[in-house]
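Per mature numbering (1 follows the signal peptide of the UniProt record, and there is no 0), the sequence shown runs over residues -24 to -1, 1 to 272.
Rather than coming from a laboratory, the hints here were simulated on the basis of the structure. Quick caveat, the model's predicted, so the values are computed rather than measured. Treat each hint with caution, since some may be false.
Stated by the list, open to error - Restraint ranges, calculated between C-beta atoms of paired labels, are given here:
1. Phe104 - His137: 14 to 22 Å
2. Cys(-11) - Glu53: 30 to 38 Å
3. Lys127 - Glu46: 26 to 34 Å
4. Asn94 - Leu199: 40 to 48 Å
5. Gln200 - Thr141: 32 to 40 Å
6. Glu259 - Arg73: 46 to 54 Å
7. Asn260 - Phe104: 16 to 24 Å
8. Glu46 - Phe170: 18 to 26 Å
All C-beta atoms in this analysis are idealised placements derived from N, C-alpha and C, irrespective of residue type, glycine included.
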Amino acid sequence: MAVSIMSASLLLFCLLQCFLQVSSQGKVFRSAPEAHAVFLRPKRANSFILEEILQGNLERECYEEQCNYEEAREYFEDTPRTITFWAVYSGGNHCLRGPCLNGGNCTPNVRGFTCSCNAPYYGPVCEFKVQDEALQGITSSTAQQTKTAEKCPTESPTACHQPCTVTYESFRCSCMSGFKLHSDGRSCLPEVEFPCGRLPEETLSMCHHGNCPWQVSLLNSTLQKLCSGVVLGQRSILTSARCLYQDSEPKLSNLYVLAEKQRTLFPVKAMYLHNGYHKDHHENDLVLIELADSMT
């Protein structure tokens, strides 16, 4: 009998405690934001079939997952806003560090940035200056015909197939050694049997390392090999940005190019990293090296 009374009293006490707790809190269930905070990851935006029906969602496309430019464009539905977002999302706004030299104007774009240079400067980051003799060699008729040209065209039918030299409000096409300029003034034709070089031994079907005239090696100050490269011109070498920029940006004074055929070291004058290169991506893995001296 005493046990039954104690059990009933304990049950009544527990019910009373629950009633008082509910009364003091005013609610039993948590709000949606509080409930979502319990989970490490909230429900995906526009999940399942809604993902293909509704407008692109920035949270789903670019923050829950890694998006590309087209997916970001679906969300903004506006090219200028998309470019502004993409410049930061793909590795930061490159214009913030002021890459354009000599007063050039920097504009962010999908591939990184573009420099608009003030005359007489030109180049990817306005690093080159038109020489005085080039200015004097332009006639008034030439300047009149090409006064709208501020830099070398790259995609139009008038684009040079090989080197392009900018002059004051004009440009001039030229060709590498072993080629000659076509009558159209743009394309280049081979004028020797092997314009790109040939293997030192005609019996070889494969070019071994160091035996090709277009191969070079990049060495550090202790003459240790860093990367391989290919010859583009008498002072131009192309190599991998991922190889050369492994830990930090290399110093020009510590870099040398070894022409293995000549066994000659050439100091490096300048390096030009591709505007669209990012260490976390594999696209645009290129860096152009300018030599202080000609290889010929």
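Each hint, compared with the structure:
1. A hinted range of 14 to 22 Å holds for the C-beta pair phenylalanine 104 and histidine 137, which are about 20 Å apart.
2. Taking 30 to 38 Å as the suggested C-beta distance range, the pair cysteine -11 and glutamate 53 does not conform, at roughly 59 Å.
3. One distance hint, 26 to 34 Å for the beta-carbon pair lysine 127 and glutamate 46, holds here, with the actual separation near 28 Å.
4. About 41 Å separates the C-beta atoms of asparagine 94 and leucine 199, a value consistent with the hinted range of 40 to 48 Å.
5. Take glutamine 200 and threonine 141: their Cβ atoms lie about 36 Å apart, and the range 32 to 40 Å holds.
6. Separated by about 21 Å at the C-beta atoms, glutamate 259 and arginine 73 break the suggested range of 46 to 54 Å.
7. In this structure, asparagine 260 and phenylalanine 104 meet the distance hint of 16 to 24 Å, their C-beta atoms being roughly 21 Å apart.
8. For glutamate 46 paired with phenylalanine 170, a C-beta distance near 43 Å fails the hint of 18 to 26 Å.
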